[in-house]
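Visitor: The lines below spell out each chain.
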Amino acid sequence: MSGKAVFVYHPDLEKYYFKPEHPFNPTRLRITVSLLQELGLLKENDIVTPRLASMEELLLAHDQDYIRAVEKLSNNCFEEEGLFFGIGTEDNPAFSDMHWASSLVVGATLTAGEEIMEGRADHAVSIAGGLHHAGRRQASGFCIYNDINVAIRYLCHKYHIRVFYIDTDAHHGDGVQWEFYEDPNVLTVSFHESGRFLFPGTGWLNERGKKEGYGYCVNVPLEPFTDDNSFLECFREVVPPLIEAFQPDLIISQNGCDGHFYDSLTHINLSISAFQEIPRLVHQLAHAFSGGKWLAVGGGGYDPFRVVARAWVLLWAEAAGLNVKGNIPLSWQKKWQKISPCTVPQTLFDSPEVSLSVPRCQEIAEKNFRAASQAVQDTLIVLNKYI
Amino acid sequence: MIVENIMNSKVITVHPDNSVAQAIDLMRDNNIRHLPVTTEGNLIGIISDRDMRSVSPSILTGDEPELLINTKVKDIMQKQVITVHPLDFLEEAARLIYEYKVGCLPVVSQERVVGIITEADVLRSMVEWVGLLQPGAHLELELPNRPGMLASVAGIVQRHGVNIISALLFPGKMDNTQTLILRLKALDIRMIIKDIEAEGHKVLWPLQREPDYER
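Those sequence lines, one after another, are chains A and B.
First residue of the first sequence: 1, per the working numbering; consecutive thereafter.
First residue of the second sequence: 1, per the working numbering; consecutive thereafter.
Among the hints, a few may not be true.
As a list, the in silico EDC-like pairs of lysine to aspartate or glutamate whose alpha-carbon atoms are at most 20 angstroms apart [to be verified]:
hint : chain 1 : residue 1 : chain 2 : residue 2
1    : A       : K158      : A       : E114
2    : B       : K194      : A       : E21
3    : B       : K194      : B       : E142
4    : B       : K194      : A       : E90
5    : A       : K385      : A       : E244
6    : B       : K101      : B       : D88
Since the hints were derived computationally from the structure, they do not count as laboratory data.
All chains should be modelled from the sequences, with the hints used to inform the complete structure.
Guide: Here is the structure:
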């Protein structure tokens, strides 16, 4: 498969930084880029510098009083009124330059979208993006502005396109789902650990969209300890037929990698291989159904050294059509071992001995597959009727 | 929470002299299953979709619409109606619905129907109470059945600056325990869980990771 890919990045994106000890650690961006460079996978001319999102653009997916509050809290992090908007909590503490840094994250995803829609690239990767929990007027789950929502609104408005959104973060992509819940031009699919176990506690099978948007929202809640086989089986059951029926102009994937078994915030048991296979499938589907147009953003991922760097190296390698070899350069290991709380990995993939199998894996796979089949059914009926 | 807060005060009623056919239309058009029967606002009976079904001809054997037009509501209505007062607790309404196996309760004040509350209203309220409509994390604990336990847990949550969306405390499986279900407005509740466990409380949910491995 061929297709030009760009990597939207600037070190300033690391300024989206809540506080020390916070699980959302932007160092993960730097170590990912560092690993890409050490592996020789990222060239200077692959990189596109992100622009800043404007106020008008933020307003496409956020309320004015919320944006004003974020601006205000960027200068004084201790304003009481933040709590009303979900800011100032342990999850989402205010930080200086919060508005600027969050606008840059949104801008990065906008830049990625423009690169594709203006024909300068087929695929664009914005690993700083993927803040899928933020609502119109609510910070939530480490997300201040929702770069995905702003980008979808902006791109749909400017280019009159229909967007297929795939969210494989271990947490439900609630912010994106609710924003486009009544919109038949944006089909959202989220695979996530069941709301019984994990924040945000939504993403049930029966959340299928509303009014004209009925059927254009698909949720596949997964059991804790779901492994690669079960996850990919569900993905293959749901995503290809939906994309084929929906015929999108653009595919956006949210590539949260907190479903890896090392990630301590969730209970999903994926190995690194899954984070190669998921983008590979999306990539193929983009070439088959959306003229190659594929925008990939990052998302959750709370084990930077063992998971995020490797997962997103594979994401970029897939988008750029590059082959990856098994070992991680010693220079990278040496450089980052100094600040890593755990032993940094020596190989790009997990060795089979480390991967986990739980006794109930057969049951889990069965339950997941049932959810996937049900999830896809209703939407296919709607899509095949109207398209 | 009192009945007045969740009841529907726009009550669609039927007159005892209306025909059964009219009552059926009224239910179908408004997508409801119960009709209080009133004369000048005073409750004298009730009819439900089940009463309607039992007097309607079977769809298999064809129809006798004359009979439905000629039969009056007062001939088939239930005259003994279980009601609640607007100031009753929601719990009381829930108990009556459950014990008498009825689908709704007319809300009566000074003999006039001022509202209606259905089993669906009760369930919707409970869904709202447990905060299911807001993004949050579910935490379920087993606590010793003695004073101060809720305060101990709430103190830990407070120290983490996390807001509690909802809290349900009820008798546990054994006499000496209580179960506490919290919905917390937080994505990352690992430290809260750690502190709660350090306090000696048992976390029932989220289930902890099954296999133990190096991390």
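Visitor: Against each hint, give a clear statement of whether it holds in the structure.
Guide: Results for each hint:
{"no.": "1", "hint": "K158(A) to E114(A)", "in the structure": "holds, 10 angstroms"}
{"no.": "2", "hint": "K194(B) to E21(A)", "in the structure": "holds, 16 angstroms"}
{"no.": "3", "hint": "K194(B) to E142(B)", "in the structure": "holds, 15 angstroms"}
{"no.": "4", "hint": "K194(B) to E90(A)", "in the structure": "holds, 15 angstroms"}
{"no.": "5", "hint": "K385(A) to E244(A)", "in the structure": "holds, 14 angstroms"}
{"no.": "6", "hint": "K101(B) to D88(B)", "in the structure": "holds, 18 angstroms"}
When held up to the earlier numbered hints, the structure conflicts with none and fits them all.
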